[in-house]
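J.: The listed protein sequences derive, respectively, from chains A and B. With our numbering as the guide, the letters of the first sequence map in order to residues 1 to 156. With our numbering as the guide, the letters of the second sequence map in order to residues 1001 to 1105.
No wet-lab data here; the hints were simulated from the structure. Each hint can be trusted.
Capping the alpha-carbon separation at 20 Å, the derived lysine to aspartate or glutamate pairs in EDC-like fashion look like this:
#: 1; chain 1: B; residue 1: K1078; chain 2: A; residue 2: E37
#: 2; chain 1: B; residue 1: K1071; chain 2: A; residue 2: E134
#: 3; chain 1: B; residue 1: K1078; chain 2: A; residue 2: D96
#: 4; chain 1: B; residue 1: K1100; chain 2: A; residue 2: D96
#: 5; chain 1: B; residue 1: K1090; chain 2: A; residue 2: D96
#: 6; chain 1: B; residue 1: K1078; chain 2: A; residue 2: E34
#: 7; chain 1: B; residue 1: K1086; chain 2: A; residue 2: E37
#: 8; chain 1: B; residue 1: K1086; chain 2: A; residue 2: E7
#: 9; chain 1: B; residue 1: K1078; chain 2: A; residue 2: D136
#: 10; chain 1: B; residue 1: K1090; chain 2: A; residue 2: E34
Listed below are several chain B residues computed to face chain A (Cβ distance under 8 Å; list not exhaustive):
#: 11; residue: T1065
#: 12; residue: I1066
#: 13; residue: R1067
#: 14; residue: S1068
#: 15; residue: P1076
#: 16; residue: V1077
#: 17; residue: K1078
#: 18; residue: Y1081
#: 19; residue: P1085
#: 20; residue: K1086
#: 21; residue: G1087
#: 22; residue: A1089
#: 23; residue: C1104
#: 24; residue: I1105
Here are a few chain B residues that sit away from chain A, every Cβ distance over 10 Å (derived from the structure):
#: 25; residue: T1002
#: 26; residue: A1007
#: 27; residue: Q1024
#: 28; residue: T1043
Values in this document were obtained by computation on a predicted structure and should not be read as measured data. Glycine residues also receive a C-beta, built at the ideal position from the N, C-alpha and C atoms.
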Amino acid sequence: MGAEPIEKVSIIVSKGSFDGIYPGLIMANGARMEGIEADLFFTFFGLDAVNKARNESVKVASVGNPGLHVATWLGGFPGMSAVVTRKFAKRMDDLDFPSIPEFIEMIHDSGAGLYACKASVDLFELERDDLIDEIDDVITVGEFYEKAAGGQIIFT
Amino acid sequence: MTTQTIAGRDVTVDEEGFLADPAQWDDEVATAIARDAGIDPMTDRHWQVVRYMRDTYLSTGSAPTIRSLGKASGVPVKELYQLFPKGPAKLAARIAGIPKPRGCI
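Start from the sequences and build out the full structure, keeping to the hints where you can.
T.: Next comes the structure, spelled out in structure tokens:
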């Protein structure tokens, strides 16, 4: 007999970069594809993924990102981040990855819950209307733990 | 791989119940697999998804992703999850008699 299957995941997205946001979205969508219950909780710069003014301009960091194997002086060149992001976005589109706004809409349609962190919303002086319509609620960390009960918590 | 009798026919399936040979499939096999997975009856909307998946697999060699299913099958993502609550892509592929989709999205 194998281990008990995972039935529920609560995924926290805390970073606002392209590579900070996608993994959490892929894991949430992947969970729903397997029939696993999933909630997404956006906190700190991760809020950019659900901020109407920012969710279409999320970038790959071209400085301080050793994984890119680009020299720091070159990564700091004006427009480098945009160029690198475009390259990734193009490659991902070829592989049928949706953009961040479309991906989040898809995850919402799959029945996953989408929540924004109240402390972060306050910190960035945002209102509910600044966030995309798919957000189910703005909740406290305590409410997050209540919702996460009985499942696995994944921090990204 | 094992041989199973589904809807009175001997078919070869893998460990997860996906048909090894799509040619061993027909509507009755599909209905029996669906019933076994808790989908009874198969509505027109279920068939629409299942046939779209099968046609895509047979013509391209791979099963569609949920994203392209939602865009091109005529059944939106929200409804896909209502029709196949335990995971639309995999369950519809199993009912459609094609191999398990291996995409991450």
